[in-house]
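Visitor: For reference, the chains in residue letters:
Number of protein chains: 4
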Amino acid sequence: MSNATLDRVVKEIADEMIERKDRGEVATYIPELAGVDVNSFGLVVVDSSGHIAAGGDADTSFSIQSISKVFTFTLALGMIGDKLWQRVGREPSGSPFNSIVQLERERGIPRNPFINAGAIAVTDAILSGHQPRETLGEILRFMQFLSGDSSIKIDESVAASEQRTGFRNIALGNYMKSFGVIENPVELTLGVYFHQCAIAMSCRQLAMAGRFLAHSGRNPSTGFLVVPPERARRINAVMLTCGHYDGSGEFAYRVGLPGKSGVGGGILAIAPGKASIAVWSPGLDANGNSRLGRDALETLSKRMGWSIFGA
Amino acid sequence: MSNATLDRVVKEIADEMIERKDRGEVATYIPELAGVDVNSFGLVVVDSSGHIAAGGDADTSFSIQSISKVFTFTLALGMIGDKLWQRVGREPSGSPFNSIVQLERERGIPRNPFINAGAIAVTDAILSGHQPRETLGEILRFMQFLSGDSSIKIDESVAASEQRTGFRNIALGNYMKSFGVIENPVELTLGVYFHQCAIAMSCRQLAMAGRFLAHSGRNPSTGFLVVPPERARRINAVMLTCGHYDGSGEFAYRVGLPGKSGVGGGILAIAPGKASIAVWSPGLDANGNSRLGRDALETLSKRMGWSIFGA
Amino acid sequence: MSNATLDRVVKEIADEMIERKDRGEVATYIPELAGVDVNSFGLVVVDSSGHIAAGGDADTSFSIQSISKVFTFTLALGMIGDKLWQRVGREPSGSPFNSIVQLERERGIPRNPFINAGAIAVTDAILSGHQPRETLGEILRFMQFLSGDSSIKIDESVAASEQRTGFRNIALGNYMKSFGVIENPVELTLGVYFHQCAIAMSCRQLAMAGRFLAHSGRNPSTGFLVVPPERARRINAVMLTCGHYDGSGEFAYRVGLPGKSGVGGGILAIAPGKASIAVWSPGLDANGNSRLGRDALETLSKRMGWSIFGA
Amino acid sequence: MSNATLDRVVKEIADEMIERKDRGEVATYIPELAGVDVNSFGLVVVDSSGHIAAGGDADTSFSIQSISKVFTFTLALGMIGDKLWQRVGREPSGSPFNSIVQLERERGIPRNPFINAGAIAVTDAILSGHQPRETLGEILRFMQFLSGDSSIKIDESVAASEQRTGFRNIALGNYMKSFGVIENPVELTLGVYFHQCAIAMSCRQLAMAGRFLAHSGRNPSTGFLVVPPERARRINAVMLTCGHYDGSGEFAYRVGLPGKSGVGGGILAIAPGKASIAVWSPGLDANGNSRLGRDALETLSKRMGWSIFGA
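Those protein sequence lines, which keep their order, are chains A, B, C and D.
The letter at position 45 of the first sequence is residue 44 when you use numbering that gives the first Met the number 0, and the numbering goes up by one with no holes.
The letter at position 204 of the second sequence is residue 203 when you use numbering that gives the first Met the number 0, and the numbering goes up by one with no holes.
The letter at position 18 of the third sequence is residue 17 when you use numbering that gives the first Met the number 0, and the numbering goes up by one with no holes.
The letter at position 247 of the fourth sequence is residue 246 when you use numbering that gives the first Met the number 0, and the numbering goes up by one with no holes.
The set of hints was computed from the structure by calculation and includes no laboratory data.
Any given hint could turn out to be false.
The list makes no distinction among identical chains, and a pair is therefore deemed to hold if it is satisfied within one copy or across any two copies.
What the hints assert, rightly or not - Each computed SDA-like pair below joins lysine to any residue, with the alpha-carbon atoms no more than 25 Å apart:
| # | residue 1 | residue 2 |
| --- | --- | --- |
| 1 | LYS301 | HIS50 |
| 2 | LYS301 | PHE223 |
| 3 | LYS301 | SER47 |
| 4 | LYS152 | GLN85 |
| 5 | LYS301 | ASP81 |
| 6 | LYS82 | LYS273 |
| 7 | LYS301 | GLY272 |
| 8 | LYS273 | GLY304 |
| 9 | LYS301 | PRO227 |
| 10 | LYS273 | ARG106 |
| 11 | LYS273 | LYS301 |
| 12 | LYS273 | SER1 |
| 13 | LYS10 | LYS301 |
| 14 | LYS10 | ASN38 |
| 15 | LYS273 | ARG290 |
| 16 | LYS152 | GLY128 |
| 17 | LYS301 | GLY80 |
| 18 | LYS273 | GLU297 |
| 19 | LYS301 | ILE79 |
| 20 | LYS273 | SER47 |
| 21 | LYS82 | ARG140 |
| 22 | LYS82 | GLU249 |
| 23 | LYS10 | GLU229 |
| 24 | LYS273 | ARG230 |
| 25 | LYS273 | PRO228 |
| 26 | LYS152 | LYS301 |
| 27 | LYS273 | PRO227 |
| 28 | LYS152 | GLU297 |
| 29 | LYS273 | ALA310 |
| 30 | LYS273 | ARG302 |
Computed from a predicted model, the values in this text were never measured in an experiment.
Working from the sequences, and respecting the hints, build out all of it.
Guide: Okay, here's the thing in structure tokens:
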């Protein structure tokens with residue numbers, strides 16, 4: 000595969016997606032998301048040689064929302080290792096992203112780190128008695144370090160809106176607290192959670208941040224080992240089985256790559272050994288995943304032959 | 000990778016597994032399964048060159064049980080294509096293999112083809128007005144064709160026991176029938192279902208049968224295209240997300256390969272582009288999956304570097 | 000209260016109900032029920048003196064369906080007493096009449112004798128190794144004895160239709176069998192169940208049959224003690240909390256009398272110490288209970304001051 | 000029935016209960032409840048003539064907890080009438096008092112006013128834009144008015160403990176808020192809720208407060224009409240079907256009276272037309288209802304012939 004092929008495929012996809020009319024619905028639960036242009040589309044692929052293929056709105060910042068869960072999950076594994084599994088599982092949930100039913104049946108232990116309850120439990124593990132401000136600083140610096148871009152910021156107005164309207168997440172946090180799964184004061188844990196979801200990044204920054212997952216835990220440009228190879232594989236495995244809520248099976252079936260979506264319309268996808276990919280289109284499908292983002296990744300995976308399930 | 004490496008790794012694993020004491024519990028719901036020696040262990044790997052590495056009880060027949068679901072699913076996709084998705088989903092279930100709860104919530108449509116309800120719906124699609132005997136003949140000939148071994152048989156005493164005691168599967172079948180998801184008389188569909196689960200195969204036969212999934216739908220020895228490449232990828236994707244019931248996330252996390260387990264203790268696993276693998280150890284974990292089978296595959300995947308989630 | 004008052008109130012209600020247009024939907028799942036005239040309405044009240052007030056189609060036979068559950072429950076308590084509670088509970092279900100979800104959570108024990116699963120378990124207790132024909136004869140003779148009318152019969156065409164289409168009940172039976180809650184062969188138990196539901200009675204016959212529940216277990220005309228007083232109270236209690244599926248709270252709230260509905264549009268209601276009441280109107284509400292039947296009972300209870308919850 | 004009979008029966012029961020060893024477990028989730036003497040027992044019956052029969056610790060105050068739900072429900076019906084039913088149902092829940100599962104299925108509408116979620120929704124309806132302090136004052140004055148005792152108080156230490164540890168109730172409140180069922184700020188509604196549960200009353204005060212429910216809405220001493228007769232009946236109906244969480248069927252079956260329990264070990268029961276009854280014994284059964292309280296009421300109902308389900 001030459002750089003030229005990748006560049007061409009990315010350009011084709013970006014061109015095709017601009018034409019699409021069936022773009023899904025932009026999330027409307029907070030004004031900051033509702034105001035985003037549904038016609039936005041960005042796609043960036045960084046391959047193992049460091050070559051970057053970019054299409055569409057590659058440098059426009061969007062709210063990464065649940066994509067942040069990949070990175071806090073990575074941080075938590077680094078901080079407390081397998082003890083993390085005492086408070087969160089790693090099985091697909093078979094239910095929507097914000098379901099509380101499963102928590103009642105399984106005594107407050109969320110099914111996996113990528114549904115809201117699970118990510119709140121992971122955030123609580125990272126917070127672990129520190130000041131929210133310190134923890135948030137650490138998360139943000141981790142994103143900046145991974146992307147090689149210190150300009151990445153939290154969108155405070157998004158965070159404030161989430162905090163004002165996030166009743167279901169407050170419910171999830173308190174519910175887990177009632178089982179002792181949350182250790183810090185719920186409002187502190189949720190404060191960090193709402194802010195990490197409000198990190199704003201472009202496709203370029205996000206694709207750069209995901210490189211360690213595509214390359215056995217190592218940043219291929221700097222050679223720095225972010226996580227051991229086995230951990231990178233395992234994070235990819237959890238992304239594959241749980242990264243798209245109740246649409247995870249569909250994503251695996253169509254795209255064939257580990258990925259994590261956010262309600263802001265972004266998806267981070269990993270072609271192990273080959274590339275880190277970020278796509279953004281704010282229109283969502285019924286499961287809360289980016290519709291065109293998914294389609295773009297399906298096409299990319301097919302044209303590049305990148306499916307992990309075979310040539 | 001040389002043949003010698005693979006041979007050595009398979010031998011090491013077989014030797015290690017013979018020593019293991021914590022072998023799980025053999026399924027006891029029918030006498031034919033309960034009587035199997037818990038100390039049995041077999042492992043066979045067939046790589047892309049056709050080289051076969053075998054360890055332990057590689058040629059002992061066992062009841063493949065739910066592993067048959069991979070092959071009836073393949074047959075059904077061949078017969079009716081994407082229309083199959085009108086009566087079965089492709090999302091992980093988040094519940095045990097024989098749960099009926101999800102069916103009530105989703106109006107009789109099983110979540111995926113690899114839970115019991117889903118496999119019954121798939122079998123019903125294959126039966127489709129034919130005589131059970133014909134359909135069973137077709138399933139059996141498909142297995143013989145894929146393995147290149149016409150000696151494969153149905154164990155009639157297992158089938159008879161299943162039919163006598165399979166009240167929960169009868170419940171699932173009738174429940175789906177009440178929603179119109181089952182089209183044939185329930186007892187005919189279940190007759191075929193119970194018999195396909197009672198197919199007896201050795202690890203060698205099973206690994207041979209799985210080759211098309213490892214090689215883009217093609218039998219690498221004969222060159223015959225069993226399914227188009229995209230379909231092979233998609234079957235692997237469903238195996239990865241749904242192949243181990245409510246332990247699918249765990250299997251992906253530890254082993255990193257698409258796989259399908261059976262309550263007889265067998266697992267078929269696929270390393271795309273590399274190998275088809277069958278393992279058998281009749282002791283089960285709490286999710287009904289072979290405990291040592293899983294461990295053996297985890298070790299194999301690690302030592303051979305075969306995880307689909309990265310090196 | 001004079002006979003004249005009761006006669007007048009019953010006549011008023013019958014007249015009012017004839018005018019009603021919003022009659023609900025007749026059950027359509029079998030042709031025999033679908034063919035019933037939605038404009039039918041009958042009401043019969045038998046008070047403690049034996050006085051009978053009848054209005055509308057008081058002598059037209061209809062399919063009593065789930066109202067039969069009251070009588071098989073009574074029979075089962077007579078045969079095995081409190082041992083019955085080992086296989087069925089006595090709590091409201093919080094779910095529709097034919098839900099299977101609760102059975103999975105509670106390991107095959109139905110919540111109460113008045114949902115389908117519970118009534119099947121009760122029927123199984125009565126069958127208890129006998130021939131279905133004998134058991135059915137016993138149920139039928141019990142109904143004839145209670146009503147003082149030996150002409151009561153089973154409608155065989157209704158029974159045959161139920162048996163042909165009752166996939167969900169077959170599912171419930173087999174599901175309970177998988178937990179060991181059903182002891183007889185499922186098809187025998189269901190055979191009895193489908194036939195008991197197909198008993199055809201008029202409002203007059205039904206009101207007569209219910210007298211023992213209104214009068215401390217005693218038939219006030221013959222003086223015969225059908226059940227001890229405490230048992231009559233307890234049957235009434237279960238009717239109050241569970242007699243209308245997921246509309247039981249609503250029925251208690253509006254009518255204030257123990258009652259049991261059937262999908263044929265009948266309701267048996269009991270005013271303890273005062274009267275046995277049967278009403279019939281085949282149009283059903285969303286919970287599967289007779290809409291006008293419920294309204295008629297609400298009016299009757301109010302005008303006669305019969306609510307058990309106070310004057 | 001003479002006063003002497005009632006006095007004797009109440010005395011007998013109090014004597015019998017003092018001997019009982021199997022008293023259940025005192026609630027331990029807050030220190031104030033955990034510290035209560037498990038051997039406490041009180042019983043007070045006020046009949047229609049105003050005669051009071053008292054046994055045991057009739058004048059010891061205890062935390063009425065969920066019994067308060069009867070009175071806030073009464074207040075809410077008075078304030079907004081049938082509009083209350085837009086935000087709470089009146090069906091038994093079929094689940095524990097603090098279950099959140101049902102709320103997800105039914106989009107935030109609690110099943111009835113007597114489970115925690117329902118009572119929080121009712122409290123929110125009463126609060127309705129007022130200051131929590133005013134609303135609490137109103138609730139407290141209502142209790143004082145009904146009991147004819149202005150010394151009734153809120154136990155502030157109980158309220159403070161509930162507020163500190165009530166994570167599950169906070170979860171319920173926020174969860175309903177996410178569906179728009181709660182209109183006031185959640186913390187205000189919960190503040191009122193936690194305080195109303197912390198009202199401390201004796202059996203004597205509680206039995207006095209319940210008189211209007213036994214006498215068609217009227218206080219028989221003062222002649223004051225608290226609620227119209229139909230409303231009193233309806234409140235009794237909801238108590239009968241929903242007053243003991245997932246033990247409501249059992250209570251109806253055994254006791255045969257409308258009743259409402261609290262986790263402090265109190266039960267208010269109503270014999271319509273006959274008496275208002277309060278019992279207290281702090282040991283609880285598995286459903287969170289007073290074990291000896293229930294037994295005492297069962298005996299009282301039997302010996303006095305007060306069951307609403309027949310003589």
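Visitor: It remains to establish, for every hint, whether it holds in the given structure.
Guide: We went through each hint and held it up to the structure:
{"no.": "1", "hint": "LYS301 with HIS50", "in the structure": "within (20 Å within a copy, 29 Å between copies)"}
{"no.": "2", "hint": "LYS301 with PHE223", "in the structure": "between (30 Å within a copy, 22 Å between copies)"}
{"no.": "3", "hint": "LYS301 with SER47", "in the structure": "both (18 Å within a copy, 22 Å between copies)"}
{"no.": "4", "hint": "LYS152 with GLN85", "in the structure": "neither (32 Å within a copy, 44 Å between copies)"}
{"no.": "5", "hint": "LYS301 with ASP81", "in the structure": "between (35 Å within a copy, 18 Å between copies)"}
{"no.": "6", "hint": "LYS82 with LYS273", "in the structure": "neither (31 Å within a copy, 34 Å between copies)"}
{"no.": "7", "hint": "LYS301 with GLY272", "in the structure": "both (16 Å within a copy, 16 Å between copies)"}
{"no.": "8", "hint": "LYS273 with GLY304", "in the structure": "both (10 Å within a copy, 16 Å between copies)"}
{"no.": "9", "hint": "LYS301 with PRO227", "in the structure": "between (29 Å within a copy, 13 Å between copies)"}
{"no.": "10", "hint": "LYS273 with ARG106", "in the structure": "neither (40 Å within a copy, 41 Å between copies)"}
{"no.": "11", "hint": "LYS273 with LYS301", "in the structure": "both (14 Å within a copy, 19 Å between copies)"}
{"no.": "12", "hint": "LYS273 with SER1", "in the structure": "both (12 Å within a copy, 24 Å between copies)"}
{"no.": "13", "hint": "LYS10 with LYS301", "in the structure": "within (15 Å within a copy, 37 Å between copies)"}
{"no.": "14", "hint": "LYS10 with ASN38", "in the structure": "within (17 Å within a copy, 57 Å between copies)"}
{"no.": "15", "hint": "LYS273 with ARG290", "in the structure": "within (24 Å within a copy, 33 Å between copies)"}
{"no.": "16", "hint": "LYS152 with GLY128", "in the structure": "within (24 Å within a copy, 38 Å between copies)"}
{"no.": "17", "hint": "LYS301 with GLY80", "in the structure": "between (35 Å within a copy, 19 Å between copies)"}
{"no.": "18", "hint": "LYS273 with GLU297", "in the structure": "both (16 Å within a copy, 23 Å between copies)"}
{"no.": "19", "hint": "LYS301 with ILE79", "in the structure": "between (38 Å within a copy, 23 Å between copies)"}
{"no.": "20", "hint": "LYS273 with SER47", "in the structure": "both (5 Å within a copy, 22 Å between copies)"}
{"no.": "21", "hint": "LYS82 with ARG140", "in the structure": "within (24 Å within a copy, 49 Å between copies)"}
{"no.": "22", "hint": "LYS82 with GLU249", "in the structure": "between (30 Å within a copy, 16 Å between copies)"}
{"no.": "23", "hint": "LYS10 with GLU229", "in the structure": "between (34 Å within a copy, 23 Å between copies)"}
{"no.": "24", "hint": "LYS273 with ARG230", "in the structure": "both (17 Å within a copy, 22 Å between copies)"}
{"no.": "25", "hint": "LYS273 with PRO228", "in the structure": "both (15 Å within a copy, 20 Å between copies)"}
{"no.": "26", "hint": "LYS152 with LYS301", "in the structure": "neither (34 Å within a copy, 38 Å between copies)"}
{"no.": "27", "hint": "LYS273 with PRO227", "in the structure": "both (18 Å within a copy, 24 Å between copies)"}
{"no.": "28", "hint": "LYS152 with GLU297", "in the structure": "neither (30 Å within a copy, 40 Å between copies)"}
{"no.": "29", "hint": "LYS273 with ALA310", "in the structure": "both (14 Å within a copy, 11 Å between copies)"}
{"no.": "30", "hint": "LYS273 with ARG302", "in the structure": "both (14 Å within a copy, 21 Å between copies)"}
The structure fails hints 4, 6, 10, 26, 28 (numbered hints given earlier, in ascending order).
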